[in-house]
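K.L.:
Chain by chain, the residues run as shown.
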Amino acid sequence: MSALQVALEKVSLVIVGGGPAGLAAALEAQRQGLPDILLIERDMQLGGILNQCIHTGFGLHYFGAELSGPEYADRFSTAVTAAGITCLLDTHVLEITPDRILTILSPQGIRKIAAGAIILAMGCRERPRGALGIPGTRCAGILTAGMAQKLLNLQGLMPGRSVVILGSGDIGLIMARRLTLEGAQVEAVVELMPYSSGLTRNVVQCLQDYEIPLLLSHTVVETHGRERLTGVTIAPVHPQSQKPDLEQSRFIACDTLLLSVGLIPENELSLGAGVRLDPATRGPRVDQSLATSQPGIFACGNVLHVHDLVDDVSLEAEQAARSAVAFLKQVPRPAPQEEGNRYRRSDPVPAIAPGSSTGQAPTLPVLAGPGIRSVVPQLVRRDLAPETIRLAFRPARVYRSASICLSDDHGQLVLKSQRRILTPGEEARLEIPASHWPDPVTSHWQLSIEV
Amino acid sequence: MFDVVIIGAGVIGCAIARELSRYQLSLVVLDQASDVCEGTSKANSGIVHAGYDAIPGTNKAHYNVRGNPLVYQWAQELAVPCKNNTSLVLAFSESDLPRIDALIARGQQNGVRGLSRISREEVQRREPQVNPAVAGALLAETGGIVSPYGLTIALAEHAAVNGVEFRLECQVLSLSHHPAGSPETSHFSIRTSQGLIQARAVVNAAGVFADSLHNLLSEDKLTITARRGEYYMLDKRIGAQFNATLFQLPTDKGKGILVTPTVEQTLILGPTSDTIPDKTDTRTTAAKLEEILATAVLTWPGLRKDSFITSFAGLRAHLAEGDFRIGRAPDVPGYYLAAGIESPGLTAAPAIAIDLAEQIAADFDLVLKQDFLVPPPPLPDFSLHLLADPDHLAQLAAEIARDPAMGRMVCRCEHVTEAQIRAAIHRPVGARTLDGIKRRTRANMGRCQGGFCTPRILEILAEELACDITELTKAGGQSQIVTGQLEVKA
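Line by line, the protein sequences give chains D and Y.
0 is the number of the first residue of the first sequence in numbering that gives the first Met the number 0; add one for each residue after it.
0 is the number of the first residue of the second sequence in numbering that gives the first Met the number 0; add one for each residue after it.
Don't read these hints as lab results, they were simulated from the structure.
Remember, predicted model here, so these are calculated numbers, not experimental data.
Any given hint might turn out to be false.
Quick look at which bits of chain Y chain D covers, simulated, 3 or more residues with Cβ under 8 Å [to be verified]:
#1 166-179
#2 275-285
#3 306-320
#4 392-399
#5 403-411
#6 466-474
#7 478-484
Just so you know, even glycine gets a beta-carbon here, dropped at the ideal spot from N, CA and C.
Modelling step: build the complete structure from the supplied sequences, incorporating the hints.
P.N.:
Written out as structure tokens, the structure is:
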């Protein structure tokens with residue numbers, strides 16, 4: 000059989016993912032005047048995970064209206080369609096190379112596309128049971144909260160009748176209420192940490208309003224049942240060591256265990272493209288323009304860091320789109336390889352863009368200091384025009400009446416902001432006005448929390 | 000009346016079935032599970048053992064050494080993922096080096112080729128992740144890895160296209176022998192959950208349950224205990240950092256905790272070894288999972304918990320005598336057994352099957368078929384590392400042109416498309432359950448563990464099997480995935 004001759008198609012901007020991030024990025028890129036945009040979505044319809052989020056609470060910030068997930072998605076996808084942006088549905092990106100060549104798969108075949116710029120907007124996945132190492136049987140009835148949400152809301156299937164939920168992430172909380180409304184008995188939500196990892200409004204509206212117990216500092220220590228789950232053993236954990244106290248364990252009969260134990264940005268394609276990741280966010284390391292370590296590749300939405308609110312995703316995606324368009328304007332229309340040439344795995348990975356010619360390091364790392372679990376962006380580029388920089392960060396634990404401190408490499412305070420409460424369940428933000436632009440001798444910034 | 004009944008559709012039962020299907024005969028394989036490969040064969044280390052470990056003169060040594068090259072040969076013929084990645088047995092102190100030499104001597108006595116002692120530097124050159132405190136190692140050049148469920152299912156498929164019948168969810172309730180004056184009238188009656196089956200010959204390949212079946216027929220009573228082995232599985236990104244299978248020096252309980260890449264590039268750590276009273280108890284335990292970590296870290300100090308994708312456990316059938324029992328049962332003509340098949344049973348399977356098939360063929364004057372069919376072609380492979388090959392890409396493009404569903408990705412982690420899932424259902428001895436799809440396609444086996452693809456797979460299964468999604472199970476019995484339809488409120 001002869002080798003596959005795939006013509007290399009050229010597009011200015013490829014957006015990978017048609018969820019909230021990809022949709023907002025596509026619209027903004029078009030508003031910026033970019034003519035050829037290609038949005039690739041693996042599902043049969045646009046909207047991503049919003050399609051299964053039939054509860055309300057979306058759009059309060061962005062639209063000033065309380066919308067359901069599908070309604071929020073619909074506002075964007077209708078606009079994308081109306082704007083005539085090319086969307087490839089039912090299409091899976093197999094690979095992205097460091098020189099921005101995408102291999103895509105669909106029922107129409109396999110195509111290769113050379114992109115001038117790429118916006119990564121693939122979203123995230125749920126952490127599975129195996130990642131936690133919960134001992135016990137591996138029977139039916141153990142599934143992630145998001146999968147249960149899809150079964151229930153999109154396929155009309157009940158995942159179970161009596162349910163324990165491990166982890167108090169937002170999807171788990173939403174599903175506790177949803178399953179209760181559909182007649183299931185939610186026995187308890189069990190959370191390893193001494194605080195909920197979901198939004199406070201969800202703890203109130205989804206658990207307290209339905210008298211569903213939230214067991215903090217508890218975990219599931221064993222699953223039972225040969226074929227279908229018959230119950231779980233739970234135990235309190237020591238708040239610091241998180242070791243379960245098996246003496247105080249107890250059995251809860253249930254046929255379903257839902258897991259809402261964290262979301263992991265889906266960066267397999269990014270890794271293949273040579274994009275550097277931040278171990279704390281598990282998303283790409285980016286600068287304030289949302290540029291990754293690979294020239295011309297930008298990231299936004301949950302593939303970059305897990306967001307609490309979709310409104311923030313949309314705004315972030317628009318920033319990524321503006322940066323991608325600026326990148327395309329700044330460089331001549333890229334032609335990474337001749338027509339028909341194929342990228343080979345053995346080819347060297349193109350180097351990261353070197354610093355400016357002045358010898359000054361062009362980027363300033365923003366470090367997660369004491370009390371900070373993760374921060375985005377991880378870098379500030381000094382050679383961009385000074386403007387307000389928005390840091391998104393998660394604290395390492397719950398703080399009350401604390402200060403967020405941004406300091407430089409000499410420990411000098413750059414900015415300080417007082418907060419009543421900071422919790423890992425709610426991503427916090429800090430705006431650094433353009434007036435605080437880093438001077439050329441500062442080697443890094445550090446974000447920390449002081450009580 | 001069947002000519003032969005094989006009880007047990009693990010790798011041994013399926014291998015014997017495939018070997019016997021070369022002859023003109025009627026053959027049925029029974030298993031109480033909902034699929035082939037639902038017992039010991041699905042949850043083990045997947046190692047092609049070289050054969051240095053077994054005690055010389057035992058069946059284990061004999062069948063291991065004969066089976067080793069056959070596994071590679073069979074895997075190639077059946078297009079089963081298999082790799083001659085070599086095995087290393089690591090010694091962590093100078094004082095343990097004589098034990099390495101003793102293993103080499105034992106292996107040579109068993110007839111194993113390609114055994115040598117390598118230096119610390121050579122170990123580090125081959126395996127940069129290994130503990131730098133290593134003192135030296137045994138290198139077994141013929142060691143390898145194979146997909147245990149891939150091999151078992153491929154053997155079942157090949158047997159099925161050659162006329163072997165598979166009856167699943169078929170439990171043997173009782174078994175009796177009716178001796179007669181001549182071999183022509185001697186036969187067995189097998190009462191099962193699906194009715195009475197009669198056959199001229201019975202092969203017992205029932206794994207941990209082989210003793211209770213055997214004891215129904217033979218006066219030479221057997222006792223099999225179940226030994227549970229627990230494992231951790233890690234992400235492919237980690238597995239890619241290892242080449243060889245890494246053993247520590249064996250203990251009296253077995254070959255100890257190993258660290259090995261799998262043919263799918265994941266990494267497994269394990270197994271533990273514990274005798275358990277309940278022969279169906281495949282749960283994992285906190286204590287043993289901790290033991291794996293505590294032991295594996297000696298081999299691999301870089302071990303971190305953040306790339307774990309799952310843990311699992313499998314049972315091994317251990318005979319008190321510590322060896323395989325293979326062949327004719329002396330007191331029951333027409334009854335054959337393959338009992339006590341624990342490690343290195345997977346490696347030994349081809350040689351065991353060839354011997355048993357030859358014995359049965361000789362005893363019953365079986366005649367080889369003229370029209371023995373080749374195995375069905377494997378499913379197309381969308382693995383990323385193959386996509387760099389333009390010929391492979393062209394082949395996939397041709398498949399998509401034939402069937403557009405071949406281009407619709409369902410499992411993003413393991414790159415499994417809709418057409419592959421549909422094909423897995425319609426292959427010989429096709430998938431009927433979510434786990435059946437998993438072991439035939441790898442959908443559900445990757446880093447998201449089915450979080451994304453399961454709802455779509457359920458739809459496809461329901462369509463192809465013409466049933467309701469609420470009837471679908473993970474692995475038969477009462478393992479339904481969902482508990483019902485959403486009630487529509489007035």
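K.L.:
State for each hint whether it applies.
P.N.:
Results of checking the hints against the structure:
no., hint, result
1, 166-179, "violated (count 0)"
2, 275-285, "holds (count 6)"
3, 306-320, "holds (count 5)"
4, 392-399, "holds (count 7)"
5, 403-411, "holds (count 7)"
6, 466-474, "holds (count 5)"
7, 478-484, "holds (count 7)"
Hint 1 from the list above is the single one not met by this structure.
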